[in-house]
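**Student:** Numbering (the working numbering), first residue to last: 4 to 254.
A few of these clues could be false.
Unchecked claim - Here are the simulated DSBU-like cross-link-like pairs (lysine-lysine), alpha carbons at most 35 angstroms apart as the crow flies: (1) K170 / K157; (2) K157 / K167; (3) K175 / K157; (4) K76 / K170; (5) K175 / K76.
What the hints assert, rightly or not - So the derived label-pair ranges between C-beta atoms look like this: (6) E153 / G132: 29 to 37 angstroms; (7) E89 / L149: 18 to 26 angstroms; (8) M138 / E93: 18 to 26 angstroms; (9) R79 / L101: 52 to 60 angstroms; (10) V88 / R123: 39 to 47 angstroms; (11) M178 / E153: 31 to 39 angstroms; (12) R83 / A115: 53 to 61 angstroms; (13) K175 / L142: 44 to 52 angstroms.
Since the hints were made in silico from the structure, they are not lab data. From the three backbone atoms N, C-alpha and C, an ideal C-beta is built for every residue, glycine too.
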Amino acid sequence: MRFTPVVILYTLITQFAVQTAHCQGVGTNDPFGTSNALSAPSNPFNVGTSDPFGSNSRQAPQLGDDLSLNTRKPMRAVTRTRSIVETHYEEIPEEEQLRLQAFQQAVSELRAKHESPEEREQARSVLRGLVVEQMERDLTNREEQLAEIESQAKQLRDQLEQRKAAKDEFLKLIMMMVEHPSSGIGLPSEWMSSIGPGAYGASGVSKFNVSLPAGARLPPAGPTPLPSAGLVPQPVAPEASFLPQSEPVRY
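My request is simple: use the sequences and hints to build the entire structure.
**Tutor:** So, in structure tokens, the structure goes:
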């Protein structure tokens, strides 16, 4: 038997057709070839089930041991202060515009061609005077800003020293409020959930939320020292209390 080109082409076409039919499941128990195709969910939208969104089959994204999105872990709110620089436009005061025009005019006169060295020196002297005035204004503004910052720092330092001096009284107060309800000694009941020890999360771990955001002002040192043990503590008057009566203090 001679293998003519027609016979060879017919043989190749026949073999290709047989292989294609086998891949598609022709003559088998899988006529649509689903076993060889990409597997697809039988019920992609979970119709008629108790989990229509497929949440039971999904897993929360894991970011690692330290950043795992696990809601069962105890969480707490942390306030962070970040410096944000914003650019906005404001009208330039007329006085500043006049100074700017005078400065530009002085620069132009200095760079212009002069008849004699005396004229050039005079133009340089005028420009030097304007620069000195601008430097003096800048130094004055910086001194005022620095004085304001130092005043705020001094106030915070004084408040901190007062708290250090009243540390023993604070310790007695905190221990009493932990042992007894805070409403029983005339202080806001929100204290336990704002700045005092309290539970958070499902684990019931106690915490002290005493973080101080930048720029926050500390309250005064505190009320009068508590009476000795065995005596009934007196309620703290609202005007003498170091805690606001309307809302809890947040350090």
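**Student:** Would you mind marking each hint as holding or not holding in the structure?
**Tutor:** Outcome of the hint check:
no.: 1; hint: K170 / K157; in the structure: 20 angstroms, holds
no.: 2; hint: K157 / K167; in the structure: 15 angstroms, holds
no.: 3; hint: K175 / K157; in the structure: 28 angstroms, holds
no.: 4; hint: K76 / K170; in the structure: 33 angstroms, holds
no.: 5; hint: K175 / K76; in the structure: 32 angstroms, holds
no.: 6; hint: E153 / G132: 29 to 37 angstroms; in the structure: 32 angstroms, holds
no.: 7; hint: E89 / L149: 18 to 26 angstroms; in the structure: 23 angstroms, holds
no.: 8; hint: M138 / E93: 18 to 26 angstroms; in the structure: 23 angstroms, holds
no.: 9; hint: R79 / L101: 52 to 60 angstroms; in the structure: 56 angstroms, holds
no.: 10; hint: V88 / R123: 39 to 47 angstroms; in the structure: 42 angstroms, holds
no.: 11; hint: M178 / E153: 31 to 39 angstroms; in the structure: 37 angstroms, holds
no.: 12; hint: R83 / A115: 53 to 61 angstroms; in the structure: 55 angstroms, holds
no.: 13; hint: K175 / L142: 44 to 52 angstroms; in the structure: 50 angstroms, holds
Comparing the model with each earlier hint shows no violations; every hint is respected.
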